[in-house]
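Below are the chains, spelled out letter by letter.
4 protein chains.
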Amino acid sequence: MNPVIPAAAKAPAASSRALPRTMKAVVKAAAGPGAEIRDVPVPACGAGELLLRVLRAGVCGTDLHIFEWDRWSAGRVRPPVTLGHEFVGEVVERGAEVAEFRAGERVACESHIVCGHCVACRTGNSHVCENTRILGVDVNGGFAEYVTVPAVNAWRAPANIPLEVAAVMEPLGNAVHTVFAGPVAASSLAVTGCGPIGLFALGVARAAGASRVIASDISPYRLDLARRMNADAVIDAGRENFVDRVRQYTVGRGLDGVLEMSGNPNAVRDGLAVLRNGGRMSMLGLPHEPYELDWNRLVIFKGITLHGIIGRRMFETWYQMDNLLGSGRLDLRPAITHVMKMEQFNDAVGLLRSGQAGKVVLVPWGEQG
Amino acid sequence: MNPVIPAAAKAPAASSRALPRTMKAVVKAAAGPGAEIRDVPVPACGAGELLLRVLRAGVCGTDLHIFEWDRWSAGRVRPPVTLGHEFVGEVVERGAEVAEFRAGERVACESHIVCGHCVACRTGNSHVCENTRILGVDVNGGFAEYVTVPAVNAWRAPANIPLEVAAVMEPLGNAVHTVFAGPVAASSLAVTGCGPIGLFALGVARAAGASRVIASDISPYRLDLARRMNADAVIDAGRENFVDRVRQYTVGRGLDGVLEMSGNPNAVRDGLAVLRNGGRMSMLGLPHEPYELDWNRLVIFKGITLHGIIGRRMFETWYQMDNLLGSGRLDLRPAITHVMKMEQFNDAVGLLRSGQAGKVVLVPWGEQG
Amino acid sequence: MNPVIPAAAKAPAASSRALPRTMKAVVKAAAGPGAEIRDVPVPACGAGELLLRVLRAGVCGTDLHIFEWDRWSAGRVRPPVTLGHEFVGEVVERGAEVAEFRAGERVACESHIVCGHCVACRTGNSHVCENTRILGVDVNGGFAEYVTVPAVNAWRAPANIPLEVAAVMEPLGNAVHTVFAGPVAASSLAVTGCGPIGLFALGVARAAGASRVIASDISPYRLDLARRMNADAVIDAGRENFVDRVRQYTVGRGLDGVLEMSGNPNAVRDGLAVLRNGGRMSMLGLPHEPYELDWNRLVIFKGITLHGIIGRRMFETWYQMDNLLGSGRLDLRPAITHVMKMEQFNDAVGLLRSGQAGKVVLVPWGEQG
Amino acid sequence: MNPVIPAAAKAPAASSRALPRTMKAVVKAAAGPGAEIRDVPVPACGAGELLLRVLRAGVCGTDLHIFEWDRWSAGRVRPPVTLGHEFVGEVVERGAEVAEFRAGERVACESHIVCGHCVACRTGNSHVCENTRILGVDVNGGFAEYVTVPAVNAWRAPANIPLEVAAVMEPLGNAVHTVFAGPVAASSLAVTGCGPIGLFALGVARAAGASRVIASDISPYRLDLARRMNADAVIDAGRENFVDRVRQYTVGRGLDGVLEMSGNPNAVRDGLAVLRNGGRMSMLGLPHEPYELDWNRLVIFKGITLHGIIGRRMFETWYQMDNLLGSGRLDLRPAITHVMKMEQFNDAVGLLRSGQAGKVVLVPWGEQG
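Chains as they are written, first to last, in my numbering: chain R, 418 to 786; chain W, 418 to 786; chain F, 418 to 786; chain E, 418 to 786.
The reader is advised that the hints may include incorrect statements.
Taking CB as the label site, the calculated pair distances span [stated by the list, open to error]:
id, chain 1, residue 1, chain 2, residue 2, range
1, E, Gln785, F, Arg656, 24 to 30 Å
2, F, Asn683, W, Asn763, 50 to 56 Å
3, F, Glu657, W, Asp487, 31 to 37 Å
4, E, Gly492, R, Gly772, 38 to 44 Å
5, R, Pro458, F, Ile551, 33 to 39 Å
Here's a subset of chain E near chain R, in silico, CB distances under 7 Å, partners left out [what the hints assert, rightly or not]:
id, residue
6, Gly449
7, Ser636
8, Tyr638
9, Leu703
10, Pro704
11, His705
12, Thr722
13, Gly725
To be clear, the hints were calculated from the coordinates, so they are not data collected in a lab.
We put the beta carbon where it would ideally sit given N, CA and C, even for glycine.
One chain only, chain R, in its complex shape (with noise of 0.2 Å):
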C-alpha cells in the first residue's frame, strides 16, 4: 500500500475563496504534557509575509518532544503555540513588500527564521544564526489551515513531486546538509539510525553516487524501509556487531563516512571505532545527555573530522533539494509510511511513539487526502 497519491491528482482550490476568520489548529495550550485541537484566529499577513493554505504537514520528533514536554521543551516553548514545522502549502496571500510569489503557487518552507544581522546570518551561515526562531517551535507553525511564513523562507516545490514529499523538504535539508557535509560519490557510508531522517539520507547518499551506503538500526522495521530506500546493506545493532560487518562488508577498508541520526553513543562510538583514519563522522542525532567518548582513541589517534550539524544551508540545501528531487533522482515516497487527518495528531504521535512508522504525513481540515 502506498499512501503517496500522485501530484496530478491534487488540483488546489481556487485561492480566490474568502478567507475565513477561524482555523483549527494543533495548539500547544500550556506548559506540560499534551496537545490541543482549537479554534484559532486566522493568521494575518505581515509586511515580508505569505499567508499559505496548508495542504500537508509532516510529523517530527521533535514534535513528540514538545507534545511531551520534555527539558528541552519546557526550557523552550512558550504556550500557546501552533506547533508543525515541515509543511507545504498554497500561497494565499502576499504581505507588503513581497513580490516573488504569486497566489496559488505551492510552497514547501525553511523553518528557521533568522536575523540577518549575525555574524553566521552575514557570512553565508545563517543555519547557524545566533538569533534562529523557529516555526511551530518559538512562533506558530504549520499544524493549522493557514500559516504566515516569511516570504524569503518559502521555496516553490518541485512541480513533480507529490505533496507528501514537497510536505518534508524541511528533514530532507536536514539529511542532505548531513550527506553533503563530506564526500560521498565514490565513498564508503553508513547512516547509523534509520529514522526519517536517517531514511532520507540513505537515499540521498545512493543518489549522489556513495559505492556503498550502509544502513544500521535496532528496530527490524526501520531496517526493512532502509531496504525499500536502497541501503546496499542493513545492519539490526541490537543483535550483529557493528563494527565487525562493516569491515566485512568494506573489505577491511572501513568507512570514509558516518552519517550519525541517532543520538545514540554506541553508535557513535562504534562508528569512530569503523571509520578510517581521516575519515569524517557528520552528527545530526541528538543525545538525550552528555556522554563520553574515548577521543585518543576515537578521534585524535586517528586524525578523524566530527561535524555538529544543525538545519539546513541556508540555501544551498534548498538549491540541492530542488535538483535532487526535480531531476527525479531521488524518491523519498518509501519513508513516507503513513498519511493520516490532522485531525488525528493524537494517533499520529501514538505511531510514532510504537516505532511502527517512517515519516507520518498529516492532511489539514478541509484537504483531500
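Knowing the structure of chain R, use the given hints to seat chains W, F and E on it.
Just chains W, F and E now, with coordinates in the frame of chain R:
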C-alpha cells in the same frame, strides 16, 4: 552488438609457462609519421617492478598524435619506444623488493611514473610531479605482449568488470579527476567534447549524482554514444546554439560546472558564457594552439574558477574508480565501441581518425578477444 | 611626509546640524569624457537606507575609466550620476526600518548593492550577484557632501584607524578577497601590478604570514611604494626577467600563488610560467582586451587553478578587514600617498594618470583634511 | 639568559672521522619506570637509510610517559629501545639507494615511519598511516650519539636557524598541523594549554596572521612564556573564567577557532562554549581518560567542526615549517627554555615534571652546547 565479453570468459593461461625471449610490439621506430609492429625482447623485470602479460590495451588520442608525429610528439618522444599507456595485464613476475602482488593477478596501471622527490610528490600531488615519465611515451608501454611497470603503479582491477573496462581505467581516471575537481551531486553539469574521456565523464557525473548532465559535440556519432552513456540532454554544437540550449535546459540558471574535454576555444568560451556566476570549469581537453578569452566578461566579472586537469590523483582517483566500478554504479561499456586485434593497430588508427569510434581496445597476440 | 593624520584629530561636527538642501558633488553629467562639480540636491534617506555625510573618499581606476569614458563606461554608465564608490561617512540619518546604526557613527561601505534573490545571493555568494548595482557607477556615489546607502552595506569602521584608511576599505576588500582565495601562510606569493590594490595585497599577504612576498611592476615609483609595504623583493618587470628573478628568489621552487592585479597579458603568462605545478593564480586585474594563453603549457599540464575575483565576499571579507585593521596587523598608510580636496578632482585625475601616486583620497567640501 | 646560540657557532666536526663501534644512548631497558644511559652499538646504515650524528634532541611529554611507564607505554613500547623522537643530526653515512643527502648536511626528522601501502599513505595522508612506527617509541630513536633514519624522513634544516630550533621541528610540526587545520589569518584563536607545542602554536598563529591569539593555562610559568611568544592575551584558567574573559577580548563575537593542546576536559568544554557558531576546534592534546561532552549544546546546535590532529602532514607541514622558519617570520627561541647535556636526562625528566620548563633540548655526548 556488444563487443564486451564478460570477465568470466577470460581465464588466463597459467602464469608459470616459460617466458619467450622475444615478443611482438607496436613500436614508434623512428622520428616521423607511422608505427611498426616489431619483434622486440621481452623486458627484464627490474627491482620494484612487475612484469605483466598484457591482456587488453586501449588506444588514446595521444597514440594518434605520436603516430602522426605532431609537434608535441616530435619535441618529446625519443624513438624507438613501444607505444600504449592504457592497459590491463596479468602479473607474470615480481622484481626484487616487490611484496604486494601475486602471479596471476590482473592489474591496471597508472601511466605516470613519478619521481617521489619534488614538492608535488611530497605533498600528495604526484599527478603534477615535475619529473613525470609516461609509459608508452617516455618508456616502453603496453602495446606489446609483455610490459614492465613499477609495482607502485599497478592497481588490482575490480573482479567484477570485464577486461575491456579494466584496460581503460587510466583514461577513466582522467574523467574521474576532472568530474571530481568540483561539486557534482545535485548540480547541473555539461561535458563539452564526447571523445572517450568525455563519454566516461558523462557516466561518472551521472553515477555521482549530478542532476543534469548535458553533452555537447559536433559529431552525431559521438552524440549518439553520449545518449547511451545516459546524458540527460545532448547538443550538436555544430548546428545548435550551445548557450541558448543550455539556458533552456537549466531553466535560466546556467551551469554549475563545465567539464571541458574538447580543447576547442569556442566550446570553452560558450561554456564559460553559460556557467552561473561562481561556477567552475575543469579543463582536460588540449587545444592545438594558444587561444584568447574575453577574461573580464567570461572569468573575472563572473567569479569563475578554472582548473587545469592532468593525470589522475595518485591514488585517490584510483580508489574512486575502484569504488565506482566495483559497486557497479558505473558502466563504461557503451563507450567502448570496438575490440580489435593489436596487430590491426594501423586499422585502429584509421578508425579513430574517421571519428566513427568511441574507445577502441586492442587484444594482443595470443590473447583471445 | 605622511599625509595621514591620526583618527583622534578628526572629531566630526555635531550631526544634529540642519541639513542643507543642496550640496557639491562630482558628477558625470553626460556621455563623453570629463566630470563636473555641480550643485545637486542632498539625497533623501529612503527605507532601509542611511544618509551619510562623506568624510573621505578614495579615487579608483574605475573613476578614471568613467572620466575618460572608455568602452566599458559607455556601455554601462547612465549619466548623470555622482561618482565615487570608496568612502567613509558619518551617519546623519536612518531611514525607515533601520535599527542598527546611530547618528555620528563612522561607516565604510560595501559598494555592491545586491538583489538578495538570485542563486548567488541565496547561497552566500552575493559578490557575484547577477543583478549588482554599484554605488558611484549605477547609482549616485560618494564624491559629494552626502550620500545615501543601503544600511546593510554599511560597516562600522574600526575605531583605531585613520579616516583615510577607513575610506579605502572597499578596495582593500578587493585585495583581501584576492589574497584569501587560496593558501597564504607559509607560502611564496607574487603580486603582479602595484597599483593601490596591489599595494594593499602586499600588506595583506605579509600580515597573513606569507613567507615570501614578491612585487612586480614596471613603474619605479610604484616599486618604491611596494618596498614601503614590506614586499620581500621587488621586480621591475620592464627591465628584469620576472621568471628568472622569481626562480632565484624561491630557490627554484617557484611560486605557490600569484595575485594578479595588472591585467597585463605578459604578467599573467610570466606568473603562470613560474607558478609551481598545482599553484593558483587569483586574477583581479582587468585587461583592456581579450588575450591568448598557451593553455597546455601554462595551465593544463601544470594543474593550475585560476580564480576570477570580483568584489568582496559579503561580508566575510569585511570581517577579515575589520580584524586585520582593528588588530593593527595591517597598516595601509604607506600606500595612501595623497590627500586632496574633493574640489580638486580633476587634479587628482591628472595625478593618477601621471602614475606618480598610490591611493589618492579626497576630502569633501567643508571637511578638514 | 638565552640558552640558544647562533647557528654559525656550531660548525660540525669533519664527518670523515672514523665511526666508533659503540656509543652512549638513553635506553628504555625494561618494562617499568625509568630509563638508563647505556653503551650500545652504533647502528648500521641500511638501504634507504641515513646514519646521523645527533647534534641536539628535544624532550617530549611522550618521553616522560615512557619513562613513567604509563598504561599507553606499557601497551606499546617493547624494550629495549633508545628513546628520542625529536632531533637534528648531521649526515654521516648514506645507505644503499640514497642519492639525496651529502655527508655533513644537517637534517631534522619526521618521526613517523610509514608503510606507503595503506589507503592513507596512498592518498596523501601518511600522517594517519595505519601502520606507523615511531622513532624513539617503536624503533631506536635519537637520544644517542648516532641514529639511523629512513632518508625519506630526513629534512634539510633551514640554514638560518639555530640547532636548538632545528631539533624541535618535529613538535613544531604538530603545532603547525593543528593551527593550519582551519582558517587562521584575520581570525580570533585561542590556544588552550601552553606546553611546548601550545607555545609553538602561539608563535605559528601569530606568524600566520591571526588577529587575536589568546593563550590559556593554569601555570603562571607557562603563561609567562606565552606572553614571550606574543600571545595577545593570556588567561589563567585556574583563577579566571575562561569563557567570560574570551567574550570580553572578542567583544562578544567569540572565537573563530580553538587549538586544543591540553587534553583537559574543562578546557575542551570551555573552548567549545565560547567558539562562535560554525567555528572549529582542532584537538591535539591527549586526555588521560575518556570524558563526556554535552554534544547538543556544545557541538551540534552550534554547527562546530572538531578535528583530531596527529603527527604532521607529510610533507606539507615540513614545507610550511621550512618557510616559516627560513623566512624568519617565526621565532621559537622564547619557548626553548633549557639546553642540557643528554647525560642529564634524568634531571631533564625532573625539570619537566616540575612544570618549570618550556621545551628542553639535550646535547649529546661529545657535542658542544
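Discussion item. Output the indices of the hints that this structure fails to meet, ascending.
Written reply: 1, 2, 5, 6, 7, 8 and 11
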